[in-house]
Amino acid sequence: EPEVTQTPSHQVTQMGQEVILRCVPISNHLYFYWYRQILGQKVEFLVSFYNNEISEKSEIFDDQFSVERPDGSNFTLKIRSTKLEDSAMYFCASSTGLAGDEQYFGPGTRLTVT
Amino acid sequence: AQSVTQLDSQVPVFEEAPVELRCNYSSSVSVYLFWYVQYPNQGLQLLLKYLSGSTLVESINGFEAEFNKSQTSFHLRKPSVHISDTAEYFCAVSTPFSGGYNKLIFGAGTRLAVHP
Numbered sequence: 136e137p138e139v140t141q142t143p144s145h146q147v148t149q150m151g152q153e154v155i156l157r158c159v160p161i162s163n164h165l166y167f168y169w170y171r172q173i174l175g176q177k178v179e180f181l182v183s184f185y186n187n188e189i190s191e192k193s194e195i196f197d198d199q200f201s202v203e204r205p206d207g208s209n210f211t212l213k214i215r216s217t218k219l220e221d222s223a224m225y226f227c228a229s230s231t232g233l234a235g236d237e238q239y240f241g242p243g244t245r246l247t248v249t
Numbered sequence: 026a027q028s029v030t031q032l033d034s035q036v037p038v039f040e041e042a043p044v045e046l047r048c049n050y051s052s053s054v055s056v057y058l059f060w061y062v063q064y065p066n067q068g069l070q071l072l073l074k075y076l077s078g079s080t081l082v083e084s085i086n087g088f089e090a091e092f093n094k095s096q097t098s099f100h101l102r103k104p105s106v107h108i109s110d111t112a113e114y115f116c117a118v119s120t121p122f123s124g125g126y127n128k129l130i131f132g133a134g135t136r137l138a139v140h141p
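Residue numbers (this note's numbering), protein chains in the order written: chain A, 136 to 249; chain B, 26 to 141.
Hints in this document: simulated from the structure, not taken from any laboratory.
Any given hint could be a false lead.
[As the list claims (entries may be wrong)] Label-pair restraints from in silico Cβ distances:
#, chain 1, residue 1, chain 2, residue 2, range
1, A, Thr142, B, Lys94, 34 to 44 Å
2, B, Leu71, A, Gln176, 33 to 43 Å
3, B, Leu71, A, Asn209, 21 to 31 Å
4, A, Met150, B, Thr80, 23 to 33 Å
5, B, Lys94, A, Gln152, 46 to 56 Å
6, A, Gly207, B, Glu41, 21 to 31 Å
7, B, Ser77, A, Ile195, 24 to 34 Å
8, B, Ser28, A, Ser144, 23 to 33 Å
9, B, Val54, A, Leu233, 15 to 25 Å
10, B, Ser77, A, Glu138, 36 to 46 Å
11, A, Glu194, B, His140, 18 to 28 Å
[As the list claims (entries may be wrong)] Sample of chain A residues lacking proximity to chain B, with all beta carbon distances greater than 12 Å (derived):
#, residue
12, Glu203
13, Ala228
14, Asp236
Values in this document were obtained by computation on a predicted structure and should not be read as measured data.
The beta carbon of each residue, even a glycine, is placed where N, CA and C say it ideally should be.
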């Protein structure tokens, strides 16, 4: 069964450093998403991406965040200058985009900023 | 704006007992409703979804949820739980008319702990 994969599973970085979280969505999906879950809190929507551009972003997704689909398979989330409060589990998801179609989630990357 | 409230952060239950995980939502427009499950150290997996039609939806592993528009609820139930059902359960809504390509809005999650 096709699945969304994410690398690395755990990333530790120092405050102020740049990190890139990587995702490989399901191959025939057209819509891509990033969510995050701070420990003990809700899963929160960050951004959706379609046709090589951001289709929607939340207020969390400020100028320090960016997304990219550098080739036909990868989907990345970059945090330019990490802050302590960026420590969270980051989930990538993909879907066909059809109304009501489910989003398939990856296993997540746990980002720890020290 | 939409929001989701999961009324119980933790639900302990004995094996083979019934369980209900509660979910209420708030929305001024029609919504799609989802339950996702997260097993330890894994990603989120879709358990079941309500789009339209019959208000009772079922999953392949014995869970069911009923959409109640008047009470704006989508409670998840299982008549007899197994140890393997121990996981975090998330209720979520999506707005088909938002133009936002169906982003999901999640509740805080309910941790179901099944004890022998």
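Against the structure, the hints come out as follows:
Restraint check, A/Thr142 to B/Lys94: a C-beta distance of roughly 42 Å satisfies the suggested window 34 to 44 Å. Checked against the given bound of 33 to 43 Å, the beta carbons of B/Leu71 and A/Gln176, roughly 21 Å apart, lie outside it. About 23 Å separates the C-beta atoms of B/Leu71 and A/Asn209, a value consistent with the hinted range of 21 to 31 Å. The given range of 23 to 33 Å is broken by A/Met150 and B/Thr80, whose C-beta atoms sit roughly 49 Å from each other.
The supplied range of 46 to 56 Å is met by B/Lys94 and A/Gln152, whose beta-carbon atoms lie about 48 Å from each other. A/Gly207 and B/Glu41 have their C-beta atoms about 48 Å apart, which leaves the hinted 21 to 31 Å range violated. As the Cβ distance of B/Ser77 to A/Ile195 is approximately 31 Å, the hint placing it in 24 to 34 Å holds. Evaluation of the 23 to 33 Å hint for B/Ser28 and A/Ser144 yields a pass: the beta carbon distance comes to about 31 Å.
About 18 Å separates the C-beta atoms of B/Val54 and A/Leu233, a value consistent with the hinted range of 15 to 25 Å. Distance hint check for B/Ser77 and A/Glu138: the Cβ-Cβ separation is about 28 Å, which falls outside the suggested range of 36 to 46 Å. At about 40 Å, the CB distance of A/Glu194 to B/His140 disagrees with the hint of 18 to 28 Å. Non-interface status of A/Glu203 relative to chain B is upheld: no Cβ of that chain comes within 12 Å, the nearest being about 17 Å off.
The non-interface label for A/Ala228 is inconsistent with chain B: the shortest C-beta to C-beta separation is roughly 8 Å, within 12 Å. Listed as a non-interface residue, A/Asp236 fails to keep its Cβ farther than 12 Å from every Cβ of chain B; the least gap is roughly 7 Å.
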